[in-house]
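**Q** Mind assembling these two chains? They're in different frames, but the hints should get you there.
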Amino acid sequence: MSSRLVNWFHFSSPATFYPLAGRLVPIFAVIAVILIAVGLYLSFFVAPTDYKQGEGYRIIFVHVPAAWMSMFIYLVMAFWAALGLIFNTRLSMMMAQALAPTGALFTFLALWTGAFWGKPMWGAWWVWDARLTSELILFFLYMGYIALQGAIDDTRRADRAGAILLLVGVVNIPIIYFSVKWWNTLHQGASVSLRGDVSMATTMLVTMLIMALGFWAYSIAVALKRVRCIILERERDAGWVGKLPEIRA
Amino acid sequence: MNWSEFWHMGGYALYVWASFGVTALLMIAEPLLVGGRCRNVRRRIARLRRLQQEENP
Numbered sequence: 000m001s002s003r004l005v006n007w008f009h010f011s012s013p014a015t016f017y018p019l020a021g022r023l024v025p026i027f028a029v030i031a032v033i034l035i036a037v038g039l040y041l042s043f044f045v046a047p048t049d050y051k052q053g054e055g056y057r058i059i060f061v062h063v064p065a066a067w068m069s070m071f072i073y074l075v076m077a078f079w080a081a082l083g084l085i086f087n088t089r090l091s092m093m094m095a096q097a098l099a100p101t102g103a104l105f106t107f108l109a110l111w112t113g114a115f116w117g118k119p120m121w122g123a124w125w126v127w128d129a130r131l132t133s134e135l136i137l138f139f140l141y142m143g144y145i146a147l148q149g150a151i152d153d154t155r156r157a158d159r160a161g162a163i164l165l166l167v168g169v170v171n172i173p174i175i176y177f178s179v180k181w182w183n184t185l186h187q188g189a190s191v192s193l194r195g196d197v198s199m200a201t202t203m204l205v206t207m208l209i210m211a212l213g214f215w216a217y218s219i220a221v222a223l224k225r226v227r228c229i230i231l232e233r234e235r236d237a238g239w240v241g242k243l244p245e246i247r248a
Numbered sequence: 000m001n002w003s004e005f006w007h008m009g010g011y012a013l014y015v016w017a018s019f020g021v022t023a024l025l026m027i028a029e030p031l032l033v034g035g036r037c038r039n040v041r042r043r044i045a046r047l048r049r050l051q052q053e054e055n056p
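Chains A and B, in that order, give the protein sequences.
Take the first sequence: its letter number 42 is residue 41 in numbering that gives the first Met the number 0, and every next letter is one higher.
Take the second sequence: its letter number 21 is residue 20 in numbering that gives the first Met the number 0, and every next letter is one higher.
To be clear, the hints were calculated from the coordinates, so they are not data collected in a lab.
Hints are supplied without guarantee of correctness; some may be wrong.
As the list claims (entries may be wrong) - Incomplete in silico selection of chain B near chain A, CB under 8 Å:
no., residue
1, Asn1
2, Ser3
3, Trp6
4, Met8
5, Gly9
6, Val15
7, Ala17
8, Val21
9, Ile27
10, Pro30
11, Val40
12, Ile44
13, Ala45
14, Leu47
15, Arg48
Unchecked claim - Pair by pair, the computed Cβ-Cβ distance ranges are:
no., chain 1, residue 1, chain 2, residue 2, range
16, A, Lys242, B, Leu13, 50 to 60 Å
17, A, Val37, B, Phe5, 31 to 41 Å
18, A, Leu135, B, Asn55, 45 to 55 Å
19, A, Lys242, B, Ala23, 35 to 45 Å
20, A, Trp125, B, Glu53, 51 to 61 Å
21, A, Arg155, B, Asn55, 25 to 35 Å
22, B, Arg49, A, Phe44, 52 to 62 Å
23, A, Lys180, B, Asn39, 42 to 52 Å
Said to hold, decoys possible - Among chain A residues calculated to face chain B with C-beta under 7 Å, some are:
no., residue
24, Glu54
25, Gly55
26, Ile58
27, Leu108
28, Leu110
29, Phe115
30, Val221
31, Arg225
32, Lys242
33, Glu245
Yeah, the Cβ is synthetic: ideal placement off N, Cα and C, and Gly gets one too.
So here's chain B without its partners, still in its complex pose (with noise of 0.2 Å):
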């Protein structure tokens, strides 16, 4: 079996790789997803915490 004729999938291009490319994408973009989520709320966090500091040191 060639490359060419492996991304062909025997005529059903379009379903598996909609399929499996759907998925990778979902399954890559969660993950970096939450870590944005937790970098921003731990950065939110910190400085939250230096303004109370310097309010009341």
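Bound conformation, chain A alone (with noise of 0.2 Å):
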């Protein structure tokens, strides 16, 4: 390659991303279909049974990686939403918008995992411990973004006030990642540290990071798949619209 500098804001038009975003699609989700089937073999038929949980344990390898996306989609619809406002590119804050319900699903999954997995191990559906209360006001949080894009007709508007939502709300975040350490939480401490404490098998952790990719890959593949849907609802009066060969069969 050459020092020639990549001009970031050619793909900020909606124009160019569109098709774009349609050769990515099928990569990431051939990527996530391979990483995901992988990982459902390794969490089932080669990771070992646990000493103290036995076979319950193995919803980690959906628990732990449903709960990282549910955090990090948040975080990179937040920095979506700081570039739509700083740089007032429309792209970013469909970006923003496309990746919302994808990180609501994996907050769910958190959740729902969470409680089939404390049921047998602490003897309760739901506790209001730090943890598992942070998360759930992550998922109100996700809901309360799509919630107050859809209920303001003005798309303009409904953009700028999701991104201060979004942005507000992301004092959440490391609440939720260290409310393990903050308070006495009855949510066992990170399985995977900042500063590379694992403390867990290999295979374990290997499992977990290949699922992790996995659901990293597919929500990249949806989110992409969905901002095409919504660059056309945004964009339909425009001309290079019309010439798609898929709108004029």
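**A** Structure (structure tokens):
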């Protein structure tokens, strides 16, 4: 590659991003399917039985990746929202909007799988523990963002209101992440910490990371697919949309 | 390990399969729903464009 600078604003135009996203969707979809297939195989046939929790611990292989994605997607949305507010780029706001349902989905799954893990291990589907409560608040933030965006007819106003909600809600992410340190929680501490401490066997860790990467590729594929619908909906009167083969046909 | 033992999950069958099952269900349903939405959007825009062309050719 030459030292020529890449003009990122080139891709911030919906007309150039739409076909690019279309090419990226199948690539990330294939990566997601392969990684999740390998991850599921490792989860059930390679990872050993836990000495304390027996086979029940295998829930970790969906629970932790889903919980990571629930927080990560929120941060990515907040990043796009900030970019959208600063540079007034329409596509950034569309990206934030496209990620929201997937983020809400993973938050729901983190709570759901957590309940089904908590019941046999703690004896309760739900406790008002700091980790669980802050994750529930994250779910409400996603729902609030989606509802707020849907409730305002003017797209630019909806984008701005949503972006501000997202940025205010970012405060919840460190609260979720550090809740197991700051408070005495029933929820166990971090499985993998930022300092690189790992409190589990290598096979289990590798399986969890592969599943997490699979969920990550899945999220990119679904969000890019969804952003394509959003671009078409918002740009339906633009000239380039009329020239698309899938519209003319 | 045979299959009935596998599905039994050492007594944790309900919890393990409810977790993996619902995760699989939602992660299969979401892409299908998004695909359907995109198809609808494309169809609607194509129809609108056709109508516009008929009105002012």
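**Q** Each of the hints needs a verdict: does it hold here or not?
**A** Structure-based check of each hint:
1. Asn1: violated (13 Å)
2. Ser3: Constraint on serine 3 of chain B not satisfied, violated at 13 Å.
3. Trp6: With a minimum Cβ separation of about 11 Å from chain A (threshold 8 Å), the hint on tryptophan 6 of chain B is violated.
4. Met8: holds (4 Å)
5. Gly9: With a minimum Cβ separation of about 4 Å from chain A (threshold 8 Å), the hint on glycine 9 of chain B holds.
6. Val15: Holds, because the Cβ-Cβ distance from valine 15 of chain B to chain A comes to roughly 6 Å (cut-off 8 Å).
7. Ala17: holds (5 Å)
8. Val21: Valine 21 of chain B check passes; min Cβ-Cβ to chain A is 6 Å, inside 8 Å.
9. Ile27: violated (11 Å)
10. Pro30: holds (6 Å)
11. Val40: holds (5 Å)
12. Ile44: holds (5 Å)
13. Ala45: At about 5 Å, which falls below the 8 Å cut-off, the nearest Cβ of chain A leaves the hint on alanine 45 of chain B intact, so it holds.
14. Leu47: holds (7 Å)
15. Arg48: holds (6 Å)
16. A:Lys242 x B:Leu13: 50 to 60 Å: The hinted range 50 to 60 Å holds for lysine 242 of chain A and leucine 13 of chain B, with Cβ atoms some 54 Å apart.
17. A:Val37 x B:Phe5: 31 to 41 Å: Given a distance of about 18 Å, which is not inside 31 to 41 Å, the answer is violated.
18. A:Leu135 x B:Asn55: 45 to 55 Å: Holds, since leucine 135 of chain A and asparagine 55 of chain B (Cβ atoms, about 53 Å apart) stay within the stated range.
19. A:Lys242 x B:Ala23: 35 to 45 Å: holds (39 Å)
20. A:Trp125 x B:Glu53: 51 to 61 Å: holds (58 Å)
21. A:Arg155 x B:Asn55: 25 to 35 Å: The hinted range 25 to 35 Å holds for arginine 155 of chain A and asparagine 55 of chain B, with Cβ atoms some 28 Å apart.
22. B:Arg49 x A:Phe44: 52 to 62 Å: Once the Cβ atoms are compared, 54 Å apart, the range 52 to 62 Å for phenylalanine 44 of chain A and arginine 49 of chain B holds.
23. A:Lys180 x B:Asn39: 42 to 52 Å: holds (46 Å)
24. Glu54: Given a least distance of 4 Å, the restraint on glutamate 54 of chain A holds.
25. Gly55: With Cβ-Cβ at 4 Å, under 7 Å, it holds.
26. Ile58: Holds: closest Cβ of chain B sits about 5 Å from isoleucine 58 of chain A, inside 7 Å.
27. Leu108: holds (5 Å)
28. Leu110: Constraint on leucine 110 of chain A not satisfied, violated at 11 Å.
29. Phe115: holds (5 Å)
30. Val221: holds (6 Å)
31. Arg225: Since the shortest Cβ distance to chain B is 5 Å, the answer is holds.
32. Lys242: Violated. Min distance 10 Å.
33. Glu245: holds (5 Å)
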